[in-house]
Amino acid sequence: MKKSLILSTVNFSQLKAERINSIMWSQIWICSNEKKKAFMQKI
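Every letter in the sequence shown is one number past the one before it in numbering that gives the first Met the number 0, and letter 32, counting from 1, is 31.
In case anyone wonders, no lab produced these hints; they're calculated from the structure.
Heads up, a few of these hints could be off.
Beta-carbon label-pair distances, calculated as ranges [stated by the list, open to error]:
{"id": "1", "residue 1": "LYS41", "residue 2": "GLU17", "range": "43 to 49 Å"}
{"id": "2", "residue 1": "MET39", "residue 2": "LEU4", "range": "49 to 55 Å"}
{"id": "3", "residue 1": "THR8", "residue 2": "CYS30", "range": "44 to 50 Å"}
{"id": "4", "residue 1": "ILE27", "residue 2": "SER7", "range": "43 to 49 Å"}
{"id": "5", "residue 1": "VAL9", "residue 2": "LYS41", "range": "45 to 51 Å"}
{"id": "6", "residue 1": "LYS41", "residue 2": "SER12", "range": "39 to 45 Å"}
{"id": "7", "residue 1": "MET39", "residue 2": "LEU6", "range": "44 to 50 Å"}
{"id": "8", "residue 1": "GLU33", "residue 2": "SER12", "range": "55 to 61 Å"}
{"id": "9", "residue 1": "LEU4", "residue 2": "ILE29", "range": "33 to 39 Å"}
{"id": "10", "residue 1": "LYS41", "residue 2": "LYS1", "range": "46 to 52 Å"}
{"id": "11", "residue 1": "LYS35", "residue 2": "THR8", "range": "38 to 44 Å"}
{"id": "12", "residue 1": "GLN40", "residue 2": "SER3", "range": "28 to 34 Å"}
{"id": "13", "residue 1": "SER12", "residue 2": "GLN40", "range": "38 to 44 Å"}
{"id": "14", "residue 1": "LYS41", "residue 2": "ILE5", "range": "51 to 57 Å"}
Because the structure is a prediction, the values reported are computed rather than measured.
Don't be surprised by glycine CBs; every beta carbon is placed ideally from N, CA and C.
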């Protein structure tokens, strides 16, 4: 019983970490795209 609870907790935290990671990466991607746009406008 306790083992499965630990496993589900680990899975949950991994899912949460992956979600945070994907949000972070999309933020970085948006940021770099904005920089590219600004750079293109300068030229």
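Inset, instruction - Given the range 38 to 44 Å, decide if the beta-carbon distance of LYS35 to THR8 lies inside it. - result: 41 Å Cβ-Cβ, so the 38 to 44 Å window holds.
Inset, instruction - Take a look at whether the Cβ-Cβ distance between LYS41 and GLU17 falls inside 43 to 49 Å. - result: violated, 36 Å
Legend entry - Consistency of beta-carbon spacing, LEU4 to MET39, with hint 49 to 55 Å: holds, 53 Å
Legend entry - Hint check for GLN40 and SER12 - Cβ pair distance inside 38 to 44 Å: holds, 42 Å
Legend entry - Hint check for ILE5 and LYS41 - Cβ pair distance inside 51 to 57 Å: Taking Cβ atoms as reference, LYS41 and ILE5 lie about 54 Å apart, which means the hint holds.
Legend entry - Pairwise beta carbon distance, VAL9 to LYS41, judged against the given window 45 to 51 Å: holds, 48 Å
Legend entry - Whether the CB-CB distance between GLU33 and SER12 falls inside 55 to 61 Å: Violated, since GLU33 and SER12 (Cβ atoms, about 31 Å apart) do not stay within the stated range.
Inset, instruction - Given the range 44 to 50 Å, decide if the beta-carbon distance of MET39 to LEU6 lies inside it. - result: holds, 49 Å
Inset, instruction - Starting from the range 43 to 49 Å, see whether the pair ILE27 and SER7 falls in it by beta-carbon distance. - result: violated, 30 Å
Inset, instruction - Please test the hint of 33 to 39 Å on the beta carbon pair from LEU4 and ILE29. - result: For LEU4 and ILE29 the Cβ distance comes to about 38 Å; the hint holds.
Legend entry - Range agreement (Cβ of LYS1 with Cβ of LYS41, hint 46 to 52 Å): Hint violated: Cβ distance 60 Å, outside 46 to 52 Å.
Inset, instruction - With respect to the beta-carbon atoms only, verify the hint that GLN40 and SER3 lie 28 to 34 Å apart. - result: violated, 55 Å
Checked against the numbered hints given earlier, this structure breaks hints 1, 3, 4, 8, 10 and 12; the rest are met.
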